[in-house]
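Single-letter residue listing:
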Amino acid sequence: MNSATQTLLTSLRTTVSNIRANKQTFLISVMTIAISVGILGLFLIIFFNLNALLTSWNQQVQLVVYLKNDISPSEKSDLKDIFKSNSKIQSMEEVSKEKAWEEFKLTQKNSVGLELDLGFNPLPDSYKIRFKASENRSRHISEFAGQLQKNRGVESVEYGEKWIDRFEKFMIFCQLFLLGVGVLLSLGLILIISNTIRLSIYSRQDEIELMLLIGATPSFVKIPFIFEGILQGLAGSFVSLGFMGAVYSYLKTEFRPSIDSLARGMELQFISQPFLLMLVGLSILIGFVASYISTYQYMQVLNKR
Amino acid sequence: MNSATQTLLTSLRTTVSNIRANKQTFLISVMTIAISVGILGLFLIIFFNLNALLTSWNQQVQLVVYLKNDISPSEKSDLKDIFKSNSKIQSMEEVSKEKAWEEFKLTQKNSVGLELDLGFNPLPDSYKIRFKASENRSRHISEFAGQLQKNRGVESVEYGEKWIDRFEKFMIFCQLFLLGVGVLLSLGLILIISNTIRLSIYSRQDEIELMLLIGATPSFVKIPFIFEGILQGLAGSFVSLGFMGAVYSYLKTEFRPSIDSLARGMELQFISQPFLLMLVGLSILIGFVASYISTYQYMQVLNKR
Amino acid sequence: MIQLFNVIKNYGSGKPALDDVSIKIEKGEFVFLTGPSGAGKTTILKILFGWEHYEEGQVLVQGINVGRLDAGNIHTLRRSMGVIFQDYKLLPNKTVFENVAFAQEVTNRDRKKIKFKTWEALKNVGLTPKKDSFPAQLSGGEQQRVAIARAMVNTPPIILADEPTGNLDQEISSEILKLFEEINRNGATIVFATHSQEILKPGKHRVIVLNRGKVVSS
Amino acid sequence: MIQLFNVIKNYGSGKPALDDVSIKIEKGEFVFLTGPSGAGKTTILKILFGWEHYEEGQVLVQGINVGRLDAGNIHTLRRSMGVIFQDYKLLPNKTVFENVAFAQEVTNRDRKKIKFKTWEALKNVGLTPKKDSFPAQLSGGEQQRVAIARAMVNTPPIILADEPTGNLDQEISSEILKLFEEINRNGATIVFATHSQEILKPGKHRVIVLNRGKVVSS
Ligand SMILES: Nc1ncnc2c1ncn2[C@@H]1O[C@H](COP(=O)(O)OP(=O)(O)OP(=O)(O)O)[C@@H](O)[C@H]1O
Ligand SMILES: Nc1ncnc2c1ncn2[C@@H]1O[C@H](COP(=O)(O)OP(=O)(O)OP(=O)(O)O)[C@@H](O)[C@H]1O
Ligand SMILES: [Mg+2]
Ligand SMILES: [Mg+2]
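Top line first, the protein sequences correspond to chains A, B, C and D. Residue numbers for the first sequence follow numbering that gives the first Met the number 0, beginning at 0 and rising by one. Residue numbers for the second sequence follow numbering that gives the first Met the number 0, beginning at 0 and rising by one. Residue numbers for the third sequence follow numbering that gives the first Met the number 0, beginning at 0 and rising by one. Residue numbers for the fourth sequence follow numbering that gives the first Met the number 0, beginning at 0 and rising by one.
This is chain A alone, in the form it adopts within the complex (with noise of 0.2 angstroms):
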């Protein structure tokens, strides 16, 4: 057994003996983590979820182009090549005057109650064009749809619904401010976490100062405390998972009508794995951060005198 192993099982077995002298410390620590993973987990399941939905209903948008009456064929296959050369374009549906006339007529009466029979129909051909989902996806739409204004053989453009379009920058003003609220909270979290952190090991400067006193090299003294961290960050982040873990499968079943009903087909999200070990990863991090900064800065002072 070389020296490296050697001085890693002193340290360990040294953390393992300073857990059980400062079990309540330890369980502050741990339950302060916990705490603070468990928020920001829950602000990330939110975030995902908005998202989600966000996305499920941004599905719908969709581009209307109507046609002139009297567009010639080549302007209708013109028309369709670019559709075709729109590489973000997922599906296009070619709607006749008769079937939409049909509908619209169908829906007005639903609607209103009333039905309509004018003995003509007053509706062009038309154009439906749904779009692959992609970040900038309604600011190309009406673009593109711009572009096709401009064509020949294209009566008008009809894009989205009023509501979507409020309805998005809604959602992307959600997304921003949960955004800044996220930094905020992590920014807090972190400061709350390493401050507990700092604390339990103010508590423990006078060991510090015996184990440098009686030939301790610093990082014999550090290694322990960092371990501590460590764990404390992993203990932390998978108590609070499995806590959330637990919400998340309640919520899931208790409200999965009224998801379905939001947004029919949307899975409630749990935070998507890269995130779940970035949440883990981050709290271990912390753990490491706070307490090599806090023996440190301790060490510091004591080397000082």
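For the record, the hints were derived by calculation from the structure and aren't laboratory data. Beta carbons are placed, not taken as given, at the ideal position from N, Cα and C, and that holds for glycine. Hints are not guaranteed to be accurate.
Said to hold, decoys possible - The list that follows gives simulated cross-link-like pairs (lysine to any residue, SDA-like), each with its CA atoms no further than 20 angstroms apart:
#1 D:K122 / C:K93
#2 C:K88 / B:E208
#3 C:K88 / B:Q204
#4 D:K111 / A:V15
#5 D:K111 / A:R12
#6 C:K200 / D:P201
#7 D:K114 / A:Q204
#8 C:K112 / B:K251
#9 C:K14 / D:Q136
#10 D:K93 / A:I222
#11 D:K200 / C:D131
#12 D:K88 / C:Q136
#13 D:K200 / C:K93
#14 C:K200 / D:Q196
#15 A:K22 / B:N17
#16 D:K200 / C:P201
#17 D:K114 / A:V15
#18 D:K26 / D:Q196
#19 D:K130 / A:A20
#20 B:K22 / C:D131
#21 B:K251 / A:V180
#22 A:K104 / B:E102
#23 D:K93 / A:Q204
#24 C:K111 / B:Q5
#25 C:K114 / B:V182
#26 A:K251 / B:L177
#27 A:K251 / B:E101
#28 B:K104 / A:W100
#29 C:K93 / D:Y10
#30 A:K221 / D:A70
#31 C:K122 / D:P35
#32 A:K104 / B:E101
#33 B:K22 / C:K114
Unchecked claim - Which bits of chain C does chain B cover? Going by a derived footprint, with three or more residues having C-beta under 8 angstroms, they are:
#34 119-127
#35 161-170
With chain A fixed as given, assemble chains B, C and D with the ligands onto it according to the hints.
What follows is chains B, C and D with the ligands alone, placed relative to chain A:
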């Protein structure tokens, strides 16, 4: 000067000198409280503004009652009486079939881009009814609509638009969810704060022990710690409310355009005064309770010997 | 007047720390308590100021039955005593002056006199030049003298001193001893636990010898 | 070999704690350091194991220039020393056994020997029955003996003992003194700060007397 005020003065003096002697732990506790109150405050801001938004959009819900073409004047005045007797109705507007047709043609032209000119008017007369804001307004509207539907002079009834219904569901879901999150958040942060205070008292056990040994009464020991806890709560909440005030006015100026586009006339709300007071009160209460329990528990341990 | 009747104290494991101890100390007496390390000297003092319970027997201090006191009124007993702890128990965050003044604040003394009395107590133990130092900035003997000053500052009727000269040189020790004797002359009862043969040698005061929790001679 | 050349140590305010101190202690010597409270005994020991800096002069310990050491390598110096602190510095959360074993773990000793050596050191100071007690459960003298055991357990070439018998009765004191003398016979250098006339009286070893930061006699 009687004995009680003397004790109070001594306690205050002791509190101040304690704080001076333990600046670091005091500041850490204040910081933790400030962050926690800040998180709760931000949460409240989000919650209230979401509510305000919901209310402002909800204003737009209206009931349209289409009349039969052959409605008799007495049936019409019966209908008006029904409207008048419903205390939840805010305003009622009579829309003649001519006006309705003009409007319809206009929107058709704007959206589809084609002019309808049928030579006759297929639409009926109608009433547009707005309701006062109330808890269960939308349920009330749908009930009232069901009632009207049975009326002989009524051709059909239309209320809301699909998106408002769907959006309302979403909002209620959000509200419920946020309420749950808020409760969890509060509990978690209360735990964190009391743990921090507990840790900071933990590092002063020797002080408590000594005070008792040299003849301090239990209350003489407890009161300065409790004052300190209260002060921490007060300072923490003030710091964070100050910070939140800044964030608020920043957001208010920065996001005014997007807010206006979301809901005209809606103000971005800060935490309302009662909740502001509640936050300050809560953090004082936590400071009080946490320090009280920690000193009490530790003194119990000492007394058991 | 201090009385212990057949007191048995057992810390849990092993032999009892005090095994059927009976001691009677008159008001105004000066008594040395001695015996080897672990004999039970500190334990007796701890019982006298109500810091440790005892399993059997009776303890009376100035007519108070110590065993009957609880957390709510034990301070009445403790206020009649000045205690010098074997490990000093100074507050690390307070200066020498504040440590001594604090003992008076705790017992709600008149504010105006605190400063004066603190000053006087520090002069008695020769620490006025160190009044603004923190305990960590003092030598062992200086810390011990702060503890002595703190115990004396309230002029209590009883002084319990646990090895108060263990870290002091002979010269200062005998000065401190003289100080105790003067306080004793003014009417205070003094119980003084010590190992030091030099302090015990003159034989001016009663010596109670303990060994393994029993009174060997009194 | 320990050497101090014209060392001046000033803690900040007032007179220097050490004022131009020069001391030479040979390898394998047994030296008493004495002097009144606040003379500077502890300060000298602290400088020797690199716990306090000094403003002027030179300090050599086993050929190492102590002033040149920094946080990264000071442990090499400290591992050559066993230190008994005036205030013991035991870890309150570790038992007697763990406290003594810890001193070996810190210096990365062979695990298998730790148990045996701890046991032996506790036997030397007569504390085997208390091995599972925590420091707070020990009498003052017992705590002091734990500190002695911890300093000796690594059989260091130098032992710095700061008032190691202040809380021990005469009998145990002289036993401990014999223990130091035995260790000294086995080659260790011993610097023993004390006030006790009883310990100094036999006059078997060199005595360095300090007063107000100056060497009075050597
Ligand atoms: N809190 C405790 N828990 C368990 N045992 C204890 C406790 N306090 C003291 N003891 C034991 O009781 C015995 C008597 O201790 P005490 O402190 O009274 O001795 P002492 O006469 O003051 O000794 P010294 O001169 O070394 O201070 C010792 O053996 C000690 O180990
Ligand atoms: N950290 C410090 N800061 C300021 N002054 C100090 C500090 N440590 C010691 N002193 C002062 O330096 C002087 C010498 O202290 P030192 O501890 O060396 O004395 P000592 O000889 O060990 O006395 P004792 O026998 O009482 O332990 C004392 O007057 C003390 O007040
Ligand atoms: Mg004792
Ligand atoms: Mg000293």
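A quick look at each hint next to the structure:
Straight-line distance between C-alpha atoms of K122 (chain D) and K93 (chain C) comes to about 39 angstroms, which puts the hinted pair past the 20 angstroms bound. The suggested pairing of K88 (chain C) with E208 (chain B) holds, with an alpha-carbon distance near 9 angstroms, which does not exceed 20 angstroms. Under the criterion of a C-alpha separation no larger than 20 angstroms, the hint pairing K88 (chain C) with Q204 (chain B) is consistent with the structure, at around 12 angstroms. This hinted pair checks out: K111 (chain D) and V15 (chain A) have alpha carbons roughly 19 angstroms apart, not beyond 20 angstroms.
Pair hint K111 (chain D) plus R12 (chain A) holds up; C-alpha atoms about 14 angstroms apart against a cutoff of 20 angstroms. At most 20 angstroms may separate the alpha-carbon atoms for a hinted pair to count; K200 (chain C) and P201 (chain D) meet this at roughly 18 angstroms. At roughly 27 angstroms between alpha-carbon atoms, K114 (chain D) and Q204 (chain A) are farther apart than 20 angstroms, so this suggested pair is violated. A C-alpha spacing of about 58 angstroms is found between K112 (chain C) and K251 (chain B), which places the hinted pair above 20 angstroms, so the restraint is violated.
Proximity of K14 (chain C) to Q136 (chain D) is assessed by CA-CA distance (about 14 angstroms); at most 20 angstroms being required, the pair is judged to hold. Pair hint K93 (chain D) plus I222 (chain A) holds up; C-alpha atoms about 19 angstroms apart against a cutoff of 20 angstroms. The straight-line distance between the Cα atoms of K200 (chain D) and D131 (chain C) is roughly 37 angstroms, outside the 20 angstroms bound, and the hint therefore fails. Restraint check for K88 (chain D) and Q136 (chain C): the C-alpha separation of about 16 angstroms stays at or below 20 angstroms, so the hint holds.
Between K200 (chain D) and K93 (chain C), the direct Cα distance comes to roughly 39 angstroms. Violation of the 20 angstroms bound is thereby established for this hinted pair. Taking the CA atoms of K200 (chain C) and Q196 (chain D), the gap is near 13 angstroms; set against the 20 angstroms cutoff, the hint holds. Of the pairs offered as hints, the one joining K22 (chain A) and N17 (chain B) is violated, with about 27 angstroms between alpha carbons and a cut-off of 20 angstroms exceeded. At most 20 angstroms may separate the alpha-carbon atoms for a hinted pair to count; K200 (chain D) and P201 (chain C) meet this at roughly 18 angstroms.
For the hint linking K114 (chain D) to V15 (chain A), the alpha-carbon distance of about 18 angstroms falls within 20 angstroms, and the restraint holds. Between K26 (chain D) and Q196 (chain D) the alpha-carbon distance is near 25 angstroms, which puts this suggested pair outside the 20 angstroms criterion. In summary, the hint linking K130 (chain D) to A20 (chain A) is supported, as the alpha carbons are separated by about 17 angstroms, within the 20 angstroms threshold. Taken as a hint, the K22 (chain B) and D131 (chain C) pair is honoured in the structure, with Cα atoms around 19 angstroms apart against an allowance of 20 angstroms.
Restraint check: the Cα-Cα separation between K251 (chain B) and V180 (chain A) comes to about 15 angstroms, which is no more than 20 angstroms; the hinted pair holds. Distance hint between K104 (chain A) and E102 (chain B) is fulfilled; the C-alpha atoms sit about 18 angstroms from each other, no more than 20 angstroms. Between the alpha carbons of K93 (chain D) and Q204 (chain A) the distance comes to roughly 15 angstroms, so the proposed pair stays at or under 20 angstroms and holds. Between the alpha carbons of K111 (chain C) and Q5 (chain B) the distance comes to roughly 13 angstroms, so the proposed pair stays at or under 20 angstroms and holds.
Distance hint between K114 (chain C) and V182 (chain B) is unfulfilled; the C-alpha atoms sit about 52 angstroms from each other, more than 20 angstroms. This hinted pair checks out: K251 (chain A) and L177 (chain B) have alpha carbons roughly 15 angstroms apart, not beyond 20 angstroms. Proximity of K251 (chain A) to E101 (chain B) is assessed by CA-CA distance (about 48 angstroms); at most 20 angstroms being required, the pair is judged violated. Note on K104 (chain B) and W100 (chain A): the hinted pairing holds, with a Cα-Cα distance of about 16 angstroms set against a maximum of 20 angstroms.
The straight-line distance between the Cα atoms of K93 (chain C) and Y10 (chain D) is roughly 18 angstroms, inside the 20 angstroms bound, and the hint therefore holds. Pair hint K221 (chain A) plus A70 (chain D) holds up; C-alpha atoms about 13 angstroms apart against a cutoff of 20 angstroms. Among the hinted pairs, K122 (chain C) with P35 (chain D) is consistent with the structure: their alpha-carbon atoms are about 17 angstroms apart, no more than 20 angstroms. Of the supplied pair hints, the one linking K104 (chain A) and E101 (chain B) holds, its CA atoms being roughly 19 angstroms apart against a limit of 20 angstroms.
For the suggested pair K22 (chain B) and K114 (chain C), the alpha carbons sit about 25 angstroms apart, so the restraint of at most 20 angstroms is broken. Given a C-beta distance limit of less than 8 angstroms, the hint that chain B covers the region 119-127 of chain C is violated, as 0 residues qualify and 3 are needed. For the region 161-170 of chain C, the stated coverage by chain B is not satisfied: 0 residues place a CB nearer than 8 angstroms to a CB of that chain, which falls below the threshold of 3.
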